[in-house]
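> Read off the chains here:
There are 2 protein chains.
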Amino acid sequence: MNTSYDSRPIGIFDSGVGGLTVLQELLSRFPQEGFVYLGDTARVPYGTKSPATVQRYTIQVAELLLQQNVKGLVAACNTASALGLTALRAYTTVPVLGVIEPGCQAAIRALQGKTGRIGVIGTHATIASKAYAQTLSVLLPECPVQSLACPLFVPVVEEGWTSQPSTQLLIRESLQPFIDTPVDVLILGCTHYPILKPKISSILNPGTVLVDSAQAVALSLQQLIDTQNIRPAAQREGVRFYVTDAAVRFREVAARFLPQLPIESVEVVDL
Amino acid sequence: MNTSYDSRPIGIFDSGVGGLTVLQELLSRFPQEGFVYLGDTARVPYGTKSPATVQRYTIQVAELLLQQNVKGLVAACNTASALGLTALRAYTTVPVLGVIEPGCQAAIRALQGKTGRIGVIGTHATIASKAYAQTLSVLLPECPVQSLACPLFVPVVEEGWTSQPSTQLLIRESLQPFIDTPVDVLILGCTHYPILKPKISSILNPGTVLVDSAQAVALSLQQLIDTQNIRPAAQREGVRFYVTDAAVRFREVAARFLPQLPIESVEVVDL
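So the protein lines, in turn, are chains A and B. Going by our numbering, 73 is the number at position 73 of the first sequence; the sequence numbering is gapless. Going by our numbering, 1133 is the number at position 133 of the second sequence; the sequence numbering is gapless.
Calculated directly from the structure, the hints in this document are not laboratory data. Treat the hints loosely; a few may be bogus.
[Said to hold, decoys possible] Footprint (simulated), chain B over chain A, 3 or more residues, beta carbon under 8 Å:
1. 148 to 157
2. 163 to 177
3. 243 to 251
[As the list claims (entries may be wrong)] In silico SDA-like pairs for lysine to any residue, Cα to Cα no more than 25 Å straight-line:
4. K1199(B) - P165(A)
5. K197(A) - A128(A)
6. K199(A) - S1163(B)
7. K71(A) - I225(A)
[Said to hold, decoys possible] Far from chain B, some chain A residues (derived; all Cβ distances over 10 Å):
8. Y5
9. S28
10. P31
11. K49
12. K71
13. H124
14. V138
15. P141
16. T181
17. Q215
18. S220
19. L224
20. P232
21. R240
22. E267
Just so you know, even glycine gets a beta-carbon here, dropped at the ideal spot from N, CA and C.
For reference, chain A alone in the conformation it holds in the complex (with noise of 0.2 Å):
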């Protein structure tokens, strides 16, 4: 077998801060890889935005990030997989990974086999896109899926707000319905989401397993390494990060919920 080698950066995008909690955990798994982060600070949420705008956005965002010679995007932002994913991949021949069929097979490997309830969280666009409930219900048909949108969870993580007792509270109430009828598996279906993983799983039934887009997006992002054939050589030329606006901010809020993420230097670009 011939082994080829491609040294270029893999580009991966969000809306916001969000997008970091898949790129801390794509750090981790693939030592070697070179990555650019763009968040679109600018325009953040795009989870209360319609179809046609997240789906511009998504294409301007990348645009963006394939003119730094990219050689695979990933799209860190469930609203922007569920809405702006099939004109993206229309848009360029650089492969795309999306959020969505990733983490809807993670909840079906959680399930072990038995039969359960899937729960999927996400903003007013990704629940309104039924992204995942569809895709779902063509990789195991026969599962119940129960959908909510919980919008407020992201202006909380984008604050740091997220030890406050009314912190705490808006998860319960929001969760409620989870609460009163359980589901085996819970997909966290927006990026921001992770960060409150311990307060969403303390409200909880215990047994529920929750699902989020990073540990799911890295392992498709292993299967397209490996199919393509696209390895770096060397070791990793590190990681740049851009956002549409608000440097400082947004470098504040990375380092309040990822202290261990190395953000260097931001660089603002105009879109």
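Given chain A, work out where chain B should sit, using these hints.
Coordinates of chain B only, in the frame set by chain A:
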């Protein structure tokens, strides 16, 4: 004295639905005036964005209203008023009203000539701009002013999540500095906040006067109409609504928190 008439409408804008609290007040105070409202829902919130971006958005939004042949502009958004007003006044000869100075004047009137402490709450961008603190220091130099960002109040209102116990607790936690050190007057320096007025009021010292932008702006608009001699000749031509995204959601949110405001149709425009 000559009386001239001007039947052109008045333009009013906000980043989202918050400015509707101002519109509602203006509609009841100026029964003969026509209004054009623009909510920049594709780019809400403004309050977490950089000064340069807020300035650019303010000009773009105003330009769209100027194309509607308005006789005056009301920036019914504290963030745009704090950061975009100087640039906007340089851009157009049409008179422009913001919410900062009227709000400060209303706060000083509320002190009724006595000495006292004034508090200001607003978005990150409004508070960081120091626009309220600086205006108050000019108008009433000796008055102690305490400013505090309460950014999570905006998404809570945009979601209509106003009567939940978690919101009550969020308000209490956020306003703790004003519980520890009471003020005589609290300026609600964000047009979303009046929706939470009863909750805010119930948490603070019973003597605290809450000042909102809507009533303050109404007084300034009356002065503007009188000095510029631009009363309308006949009855109101109605209110036109424009948004930059997700018109259905705008109507739903508006109907939820301002049920008495008649929103017949909303047109989506591109910015």
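> Go through the numbered hints given earlier and state which of them the structure violates, listing their numbers in rising order.
Violated: hints 11 and 13.
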